[in-house]
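Sequences listed follow chains A and B, in order.
If you count the first sequence from 1, position 143 lands on 143 in my numbering, and the numbers rise without skipping.
If you count the second sequence from 1, position 22 lands on 1022 in my numbering, and the numbers rise without skipping.
Keep in mind that the hints were calculated from the coordinates and are not lab data.
A hint or two may mislead.
For lysine-lysine, the following DSBU-like pairs were computed, each having C-alpha atoms within a straight-line distance of at most 30 angstroms [claimed, not checked]:
(1) B/K1025 <-> A/K28
(2) B/K1025 <-> A/K154
(3) B/K1025 <-> A/K58
So the chains spell out like this:
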Amino acid sequence: MESLSDISLVTQVAVFRNRRAYDRLVRKYQSPVRRFLLSLTLGNEALSDDLAQDTFLKAYEHITQFKNISSFRTWLFRIAYNVFYDYRRKAAPSSLPQPGEAGEGRLEGASLDIQTALAILREEERACVTLQLVDGYRIEEIAQMLMMPVNTVKSHLRRGKEKLTDYLKRNGYDGNK
Amino acid sequence: MTETDGKAAIDDRLLQQFFAAARQKEIADDGFTERVIERLPDRALRQSYVWTACCVVLGLVLFVAFQGWQPLALGLLSMTRMLVAEVRPVPFFMTAGVLSCLALLAFVQRFERMLA
């Protein structure tokens, strides 16, 4: 039902350039996309919002290329990851926090620890872990989003989870915090 | 069950609990959608500008190529001659007088409003 409504909205945007329909799509997906980019940028709110805007602008420009093989959400996350990847490639190394240092997060309380914990991971590991543990995607979906083989995603997930578990245990997190 | 299996299971429980807060967190829109919609490229508007510019250029080229000013000048000249020939002095001056009075009245009213 959700995908049917998405397809209807996407069709209206692709055929008639209906801004109201696109407004509904942005409103619906802004939170997960911004949350994903916030995790990738280690809590850099301004940067993640800029990248999220670029994501939605790119999606609008290339909406006719959406083939409905995957869901609109999966397609959108793929664009978001590409936008982040492009930014990372072009930007100076100092423009993003390096592993081990986290920015200020919008997700208050426990999530400041989440950004700190995510900062110990490599970018690919962070993307895989965030998509699975925060957004609840299956490995096959993550592979589609990040355009990686399923086995590569599994490796990133395993290594990322090992590092995180080790980090949590070393810092005395027992699950009751 | 191997030791590795047991450790992996515990890891997952810990990680699930650790990320539980982030899973439920919704980021408020706070004008984000409006900012995106404002920045959308308006292709239709741009296309209409391009078409208008093309038509204007084409019209100017044809106007020059076919000496469009000749029939235009002839037409204007004959129209002026006809109008001059058709003018009857009495109704013409009567109409001009009425229109002048109306204009004067409007001017006085505006002047009064300004002073008030």
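Status of the hints after comparison with the structure:
Under the criterion of a C-alpha separation no larger than 30 angstroms, the hint pairing B/K1025 with A/K28 is consistent with the structure, at around 14 angstroms. Taking the CA atoms of B/K1025 and A/K154, the gap is about 26 angstroms. The hint holds against a cut of 30 angstroms. Restraint check for B/K1025 and A/K58: satisfied, since their Cα atoms lie roughly 25 angstroms apart, inside the 30 angstroms limit.
Consistency note: the structure conflicts with none of the earlier hints.
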